[in-house]
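Line by line, the protein sequences give chains A, B and C. Residue numbers 1 to 311, in my numbering, belong to the letters of the first sequence in order. Residue numbers 312 to 668, in my numbering, belong to the letters of the second sequence in order. Residue numbers 669 to 1107, in my numbering, belong to the letters of the third sequence in order.
Mixed in with the good hints there might be a few duds.
Claimed, not checked - The calculated BS3-like cross-link candidates involving lysine-lysine, where the alpha carbons are at most 27 Å apart (straight line), are:
| hint | chain 1 | residue 1 | chain 2 | residue 2 |
| --- | --- | --- | --- | --- |
| 1 | C | K1066 | A | K137 |
| 2 | B | K404 | C | K1094 |
| 3 | C | K867 | A | K137 |
| 4 | C | K1007 | C | K976 |
| 5 | C | K827 | C | K895 |
| 6 | B | K660 | B | K321 |
| 7 | C | K840 | C | K895 |
| 8 | A | K137 | C | K976 |
| 9 | C | K1066 | C | K967 |
| 10 | C | K895 | C | K838 |
| 11 | C | K976 | C | K730 |
| 12 | C | K838 | C | K827 |
| 13 | B | K321 | B | K512 |
| 14 | C | K1096 | B | K404 |
| 15 | C | K1007 | C | K789 |
Said to hold, decoys possible - Which bits of chain B does chain A cover? Going by a derived footprint, with three or more residues having C-beta under 8 Å, they are:
| hint | region |
| --- | --- |
| 16 | 543 to 549 |
| 17 | 636 to 643 |
Everything labelled a hint here was simulated from the structure, so no lab data went into it. Where is the CB? At the ideal position from N, CA and C, for every residue including glycine.
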Amino acid sequence: MDFLYSITIAPFLDIGSDLIFFAEVLIGGLSAGVMYSLVALGFVLIYKASGVFNFAQGVLALFAALTLVGIMEWGVPIPLAMALTMVVMIALAFAVERLMLRPLVNQEQIILFMATIGLAYFLEGLGDTLWGSNVKKLDVGIPDVPFEAGGMLLQTFELFAAATAGVLVAALAVFFHYTRIGRALRAVADDHQAALSVGIPLKTIWVIVWSTAGLVALVAGIMWGAKSGVQFSLSLIALKALPVLILGGFTSVPGAILGGLIIGVGEKVGEVYWGPPLGGAIENWFAYVVALVFLVFRPQGLFGEKIIERV
Amino acid sequence: MLYRDTGQFKTSYASDQAVFPILQDRIGVIAVLLFAFLVVPLIADDYWFQAVLIPFLVYALAALGLNILTGYAGQVSLGTGGFMAVGAYSAYKMMTAFPDLHIVFVFISAGLFAAAVGLVFGLPSLRIKGFYLAVATLAAQFFLIWLFNRVGWFYNYNPSGTIDAPTREFLGFLITGNQATPAARYLTALAMLVVFCLITKNLVRGRIGRSWMAIRDMDIAAEIIGIRPLSTKLTAFAISSFVCGIAGAELFLLHLGSVETLAFDINLSFLVLFMVIIGGLGSILGSILGAAFMVLMPILLTNLFVGVLGMQAVTAKHLEFMVLGALIILFLVVEPNGLARLWQILKEKLRLWPFPY
Amino acid sequence: MRTKGLVLAVASAAVIAASLFATPASADITLPSLVYRTGAYAPNGVPFANGVRDTIALINAKGGINGVKIKLIECETGYKTDVGVECYEKLKNEGERGAVVFNPLSTGITYQLIEKTWVDKVPVHSMGYGRTAAADGRVFKWTFNFPTTYWSQASAVVKYIGQEEGGMDKLKGKKIAHVFHNSPYGKEANPTLETLAQKYGYELILLPVDHPGQEQKATWLQVRRAKPDWVFMSGWGVMNQVAIKEAAAIRYPMDHFIGNWWSSTESDVVPAGDAAIGYKGATFHGAGANWPMHDEILKTVYGGDRAKAGENNFGEALYNRGIVNMVYTTEAMRTAMAKFGNKNLNGEEMQWGLENLDLTAARLKELGLEDFTKPVKVTCEDHETMGPVRIQQWDGKKWVFVSDWISPMRDVVRPQIEEDAAAYAKEKGITPRKCDGSD
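Excised from the complex, chain A in its bound form:
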């Protein structure tokens, strides 16, 4: 009975008793959510254009961050180092298209998924070999100081991350809607064969998409790397993006953002208020439960394309 009380009524009383703290939890959740969205975005881009569930997205973020730190260690200034890293990521996109996607064209999704796992293995080994496996400090000059506003403790870093995510999404939206390549990308996402038949070069599109995903991975790598240092564990952030993906839908950019925020808030509120009676560390599965609840009502995610099934 006590237990039931502690998980049904007590958390709500707790929320009501300190609304400022609750607001802080919400903000904490939102800022965590933004970080999840950054990772989820990369998945969405690739899935949209090539139907590949790219398991290597987390490793891409690790690889990008490692490359960036490695180049910065040579004494290269930050903007140039970022540009050079982008060049590496674009080269990688070419290699992936040529060596992996092209031979596997028209295969089932699960086979492509498996191939990206192979890619993840390969990049993990390559990143470690090239740049070593110690934790590297990543400092690209993002201000990181706590400050107080209305009784709540906030951080400049989090505001910066949110702003970056906002700019990134806006840029992607403009890119998709108002450029020639963007339109071609959407055409490919709609129907590969129809796109091919009107003369859209599939191969080029894939390279562009993987390069864009590389860019998103670089941003995610910088943001996460600034928090924890650049190290192998960065590749595990992919797991944080998965509930966001099913919640937002595999094919929707706004879904990735909104899904990230919902998951972030849901998981923090769950952990802070329901964690203690349940024994703590519930946020990992709680995120999936939140996502599952949404899925039961919308099996294709919040913004996913409606699945039309015919015999």
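We have chain A; now place chains B and C onto it with these hints.
Positioned in the frame of chain A, the structure of chains B and C alone reads:
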């Protein structure tokens, strides 16, 4: 030339429906089994048993279980590690709560508990499909691991949270616990794999297996021809989890001997899924070949790089990751349908060899 | 298609054939080193492995132990339990007389090996990690975890907090939070902290963090609300760096934040930058490269090249821990040789050596490690020795000691150890040794 089925006529339904319709196959399988049961225990040493053979057999069983769900019924699952954990922890609880329970029933009950849990987590599959389902099964993975880590009852409240395999015997031989010889544990795992391969083979070519495959190939069409998605999907989840649960109990009792929840983490789920895909979806042989590939390849590569080429252990490991990744992609490019399909192609070529036209 | 398949088949066959060659036996002592230079925990694994490697290199360069050289064989585990078991099986019979002792360097692998030691008769030395109950040598004949364990450490940290607060009686009504890696390793300190909470009347707040711990907002929000007077952390890997950053973000006073000895290394504090200044950690050995033994390593192994040594984590906390580990191991070999003669040893002889190890202050001074770590005297009953713990603090560049050596609370910890060991013995049907020389 030797591998030719000309002249082998089927004169009864029974012989037409045999598991291995071709005589040479039958001989081959019997030879492999005899070798595995009689010769291997005599020639293998501890290293081969502990590091190669036992894990291979255990993972092969897990892959077989997942293949039922993913390969035959078309439901991608990333919750295998969680279901295996259910098997391991329920085996432990059964063994410590009922010390007199026969080991066979321990394994069966481990499977049953896992099946029940699988059934519950299979429910979303009725509404959710494809990768959405795959990610949703991760909920099972994370929740179950959290549960076994959190609730002390599952590990009898010992301060370390690790469970140790109690000692049990079968037909007078110790097969679990640290005193059991590797050979005894190997034979147990082998026997169980053979039994489950037979059961699965007969399941998938019967009514239930055919309805799984119908659901896999197109669930709406299957529904229209009168296959119930509810019971079909749920039986797939239950039977698959049953096998995975037993594999989990094996991993704990026969292979590792003492486990913490970390042994069943998400990496295990992925590993088993790799085995199924690399080996071949919807193929029993594929599960075995996939397990062999994923267990043996890293060990072979390490031994090659360190033992033969004399590399530093760390360089070897990095290289091993790269080579393994490249090999996975290469295999998929060469034959996306898995090792089992390669084997099939080889057999077909052999039947015509040396006169292919 | 067919040729590709054929090439694959031939290549695999070649790999299989090539890997079957065995390494020839030698008269050197086989010392396996289970390391993890890859994977998520490599930042911790690399310095330790380098410390081990360099110490053995130094000892071999000086002629080995009583003229017998040590053959150190690294096996990469990636901190994975099953790979660790594979390493064990591969190396246990390596060399003429098999491996002498295993340092598993992972709690998960330790648990596996404890079960195997009974059969294979090769001792396991889990230095400051693994199964705490193994401290009871009567039950765990083959397992050693000296100089100290998580339980002893937790009691010493509470003692330190008491000292800082101005007496153990001042702990009453205080709040101590334990932020821990949600795994058997992280939970290890909880029973001791709970017992002590009852004894001294402080309030214990338990905050688990799930693996890998890259996102700890919720945990630190809880800390912010509960405002504990002290935070003790049993973290691992990326969890530590993030925790330090998050603690700084909620302006938690760093000098009231204490990490255990796997949470207070250079790789934990350096990525957090200035935020980490003031952060404290428990340890059982010296920090920095200021001992005569370090000079010897620098001269012999690196030819005086300080930059190259620096690249190999020379003098870092975990590097030094590697040195300590090897000093214990080699001194135990010396002890064993005193009884069994100056020759290649086997596991059983090494077990005797470990069990009779008496590393005195004088001997430490001889080795060039005076006051680097405290003397250790292992007995048949006590495989832990409950060595003292010291608190160090990060000043932005290096670790400095801020406390004297603090002895754990034996009266609290030892009964818990014996209780757990007895339970294990009962479950396994082991008759504890009497330790009077008859067994």
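Hints versus structure:
For a cut-off of 27 Å, the pair hint linking C:K1066 to A:K137 stands: about 16 Å separates their Cα positions. A threshold of 27 Å between alpha carbons decides the hint, and for B:K404 with C:K1094 the separation of about 17 Å falls inside it, so the pair holds. Simply put, C:K867 and A:K137 have alpha-carbon atoms about 42 Å apart, too far for the 27 Å limit, and the pair is violated. Of the supplied pair hints, the one linking C:K1007 and C:K976 is violated, its CA atoms being roughly 40 Å apart against a limit of 27 Å.
Simply put, C:K827 and C:K895 have alpha-carbon atoms about 20 Å apart, close enough for the 27 Å limit, and the pair holds. This hinted pair checks out: B:K660 and B:K321 have alpha carbons roughly 22 Å apart, not beyond 27 Å. Restraint check: the Cα-Cα separation between C:K840 and C:K895 comes to about 16 Å, which is no more than 27 Å; the hinted pair holds. Of the pairs offered as hints, the one joining A:K137 and C:K976 holds, with about 20 Å between alpha carbons and a cut-off of 27 Å not exceeded.
Of the pairs offered as hints, the one joining C:K1066 and C:K967 holds, with about 22 Å between alpha carbons and a cut-off of 27 Å not exceeded. A distance of roughly 17 Å separates the Cα atoms of C:K895 and C:K838; the hinted pair therefore holds under the 27 Å criterion. Of the pairs offered as hints, the one joining C:K976 and C:K730 holds, with about 21 Å between alpha carbons and a cut-off of 27 Å not exceeded. Proposed proximity of C:K838 and C:K827 is supported: the alpha carbons are some 11 Å apart, at most 27 Å.
A C-alpha spacing of about 20 Å is found between B:K321 and B:K512, which places the hinted pair at or below 27 Å, so the restraint holds. Restraint check for C:K1096 and B:K404: satisfied, since their Cα atoms lie roughly 15 Å apart, inside the 27 Å limit. The straight-line distance between the Cα atoms of C:K1007 and C:K789 is roughly 18 Å, inside the 27 Å bound, and the hint therefore holds. Counting residues of the region 543 to 549 of chain B whose C-beta sits closer than 8 Å to any C-beta of chain A gives 0, which falls short of three, so the coverage hint is violated.
Three residues within the 8 Å Cβ limit are the bar, and the region 636 to 643 of chain B against chain A gives 6, so the coverage statement holds.
The structure fails to meet hints 3, 4, 16 from the earlier list, while all remaining hints are met.
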